[in-house]
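2 protein chains.
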Amino acid sequence: LDQTLPIALDAMGGDHAPLSVVEGAAMALRKLPKLQFIFYGKEPLITPLLDERPALKAVSRVVHTEDVVANDAKPSVALRSGKTSSMRLAIDAVKSGEALAAISSGNTGALMAMAKLVLKTLPGINRPAIASVFPSQKGKVVMLDLGANLECSAEDLFQFAVMGDAYARAVLHMAYPRVGLLNVGSEESKGHPEIREAGKMLKKSSLDINFAGFVEGNDVPQGTVDVVVADGYGGNIMLKTAEGTAKLIGTALKDAFRSNIWTRLAYLLASETMGKFKKRMDPRRYNGAMFLGLNGVAVKSHGGADAYAFSHAIRHAVELVRNNTNQRIIDELAQAGPILEDVGESQAENVP
Amino acid sequence: LDQTLPIALDAMGGDHAPLSVVEGAAMALRKLPKLQFIFYGKEPLITPLLDERPALKAVSRVVHTEDVVANDAKPSVALRSGKTSSMRLAIDAVKSGEALAAISSGNTGALMAMAKLVLKTLPGINRPAIASVFPSQKGKVVMLDLGANLECSAEDLFQFAVMGDAYARAVLHMAYPRVGLLNVGSEESKGHPEIREAGKMLKKSSLDINFAGFVEGNDVPQGTVDVVVADGYGGNIMLKTAEGTAKLIGTALKDAFRSNIWTRLAYLLASETMGKFKKRMDPRRYNGAMFLGLNGVAVKSHGGADAYAFSHAIRHAVELVRNNTNQRIIDELAQAGPILEDVGESQAENVP
Chain W
2 LDQTLPIALD
12 AMGGDHAPLS
22 VVEGAAMALR
32 KLPKLQFIFY
42 GKEPLITPLL
52 DERPALKAVS
62 RVVHTEDVVA
72 NDAKPSVALR
82 SGKTSSMRLA
92 IDAVKSGEAL
102 AAISSGNTGA
112 LMAMAKLVLK
122 TLPGINRPAI
132 ASVFPSQKGK
142 VVMLDLGANL
152 ECSAEDLFQF
162 AVMGDAYARA
172 VLHMAYPRVG
182 LLNVGSEESK
192 GHPEIREAGK
202 MLKKSSLDIN
212 FAGFVEGNDV
222 PQGTVDVVVA
232 DGYGGNIMLK
242 TAEGTAKLIG
252 TALKDAFRSN
262 IWTRLAYLLA
272 SETMGKFKKR
282 MDPRRYNGAM
292 FLGLNGVAVK
302 SHGGADAYAF
312 SHAIRHAVEL
322 VRNNTNQRII
332 DELAQAGPIL
342 EDVGESQAEN
352 VP
Chain B
2 LDQTLPIALD
12 AMGGDHAPLS
22 VVEGAAMALR
32 KLPKLQFIFY
42 GKEPLITPLL
52 DERPALKAVS
62 RVVHTEDVVA
72 NDAKPSVALR
82 SGKTSSMRLA
92 IDAVKSGEAL
102 AAISSGNTGA
112 LMAMAKLVLK
122 TLPGINRPAI
132 ASVFPSQKGK
142 VVMLDLGANL
152 ECSAEDLFQF
162 AVMGDAYARA
172 VLHMAYPRVG
182 LLNVGSEESK
192 GHPEIREAGK
202 MLKKSSLDIN
212 FAGFVEGNDV
222 PQGTVDVVVA
232 DGYGGNIMLK
242 TAEGTAKLIG
252 TALKDAFRSN
262 IWTRLAYLLA
272 SETMGKFKKR
282 MDPRRYNGAM
292 FLGLNGVAVK
302 SHGGADAYAF
312 SHAIRHAVEL
322 VRNNTNQRII
332 DELAQAGPIL
342 EDVGESQAEN
352 VP
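Chains as they are written, first to last, in the working numbering: chain W, 2 to 353; chain B, 2 to 353.
Please note: incorrect hints may appear among the correct ones.
Put simply, identical chains are the same to the list, so a pair is met inside one copy or across any two.
[Said to hold, decoys possible] DSS-like mimics (lysine-lysine), calculated; alpha carbons at most 25 Å apart, straight line:
| id | residue 1 | residue 2 |
| --- | --- | --- |
| 1 | Lys201 | Lys96 |
| 2 | Lys255 | Lys277 |
| 3 | Lys201 | Lys75 |
| 4 | Lys32 | Lys141 |
| 5 | Lys280 | Lys255 |
| 6 | Lys277 | Lys32 |
| 7 | Lys35 | Lys96 |
| 8 | Lys141 | Lys96 |
| 9 | Lys43 | Lys84 |
| 10 | Lys280 | Lys248 |
| 11 | Lys279 | Lys255 |
| 12 | Lys191 | Lys75 |
| 13 | Lys277 | Lys121 |
No wet-lab data here; the hints were simulated from the structure. Since the structure is predicted, the reported quantities are computational estimates derived from the model, not experimental observations.
With the rest of the complex left out, here is chain W (with noise of 0.2 Å):
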């Protein structure tokens, strides 16, 4: 517990960067001293950010390099010509040791397509998932994949379950967390093959895993279960969706305490309890997408994060290094081997 936590931050990506990960860098360090950091990209932007947040400074380098991943870049195209981008640098940080884990606020695909090329997926592990923690009825929910893989296998499904009943254990502290498959109805006969399928692997395994069975997209923010493994299309509707639903109504609700005296003198009588509140549903706190089922950290934060959303991302990550959470993946799995070949040979009824 006494040792430094090195970072490595793409200080390029985002809409707001470079600001936005220096002060969120140095928000961060108030919350959690041991870290430090490795900036990499345009050095003659990062360094006088540096100079004004002393404290920040004295735990800091900087990595020079002119490169930086466009936002429209394909995957494929980062991959191969962004070798020595701000973005890649951060993550072979994590592939050599320098770092403990990589944080960008740049272009998703190419963050994961980096991730997964350098750091490989861990030890029976398929394809790696992109988690998040939201805000629920009951406190927080995880909710896995988000966007990396749209199209996912009955075991793709089962590994995510895994992989988010191991985060919610590790970084939730959560003691037997409730783990739900994302359908369009609760009952056995519903939904795609796959989740059917998927339904039945995790019912069948002999994990201790608190499987839950299906649910809808209104039982993740009634908190009905503390892990939602879906797809990742329906896993990335359901994320954007809540985060616009979100957004609708904040601005109804700004416009409402603005209409007239008695809202505005109202809005001052319960300014106290509406921060709170305001602070609960706050998506900067739950910034930080974390690519689980790597042989790394790395986490992708939101491209128009704040400095605060920022800081966020980085105490995701640490959480992540901190809780040892990908050996608990590793682990876990281990003991999942055997049922998974037994399940995987029957077939999923074609109920309509």
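Here the structure of chain W is known, so what remains is to put chain B in place on it, guided by the hints.
Below, chain B alone, put in the same frame as chain W:
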């Protein structure tokens, strides 16, 4: 316009039937005096409720049946054994011309299966879709399919776009609705092959559709487009997640206002504005999922609908009838004939 509007109601469907159905009809009648009702269900339960509502009773008749489709009945079972159920009789009334629309709060799968079997699809339509209207930042947005077809071909999605467009023009009176395809990103290389192919078909089509390309989950509440087309899997997740998120925030907000004397006072000061806000977001006003693409009007009300919600399902059904939505769909699709054959032959590229 002077014609009466006879509507067939499944008086036994839903958690609060038959009271919610009868009182919902009474509420709708106050808004639309041309309505007439046929109630299908247990006469001894329905007649006393009508006796208490003379104005409604004057325009209503009751057709007695003991049979009710169970909420957990499989669609195939309901089709075989529910031929004299209240749900089936309501749909039969549309087929025979006795009623202009059928509405039920019962089992969705059974209702769709019966409606398909009895009413048949419109000429040129492969599969009906479930559509609904939701509030957005800019007004209203039409979403389909919400769960009738989990997997859809590019042609299915193309047809849904035509149906959604026709609905937005006919019922929401939009002059040139923007139509978007739900995907996991806005770039043309993203998503399932079917979605990408449907995008090409809509782009190349000679139809006068205002195709806006791919949209993401957050575009729906933001109102980026007026019509959102998805397969039933994605659409269902979008719908349920939006509902659940709205509920989460609503509950948190209620708790916030109740937290102390100042927040209670604030709520009193802002109560009129908050009332408007709640009304705008009230999901009951958007109750009534329409089965588009059928040769007749059938509307699914939420299982938990109260009378107010049910009255809105009736009003949505009436809008579909009055605006000749089905004829518009037929007319639009007839124009699309040649282009469909033309584009259908090209293959989707396998972009990852």
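Open item on the list: I'd like to know which numbered hints this structure contradicts. Please list them from smallest to largest.
Closed with: The structure breaks hints 1, 8, 13; every other hint is satisfied.
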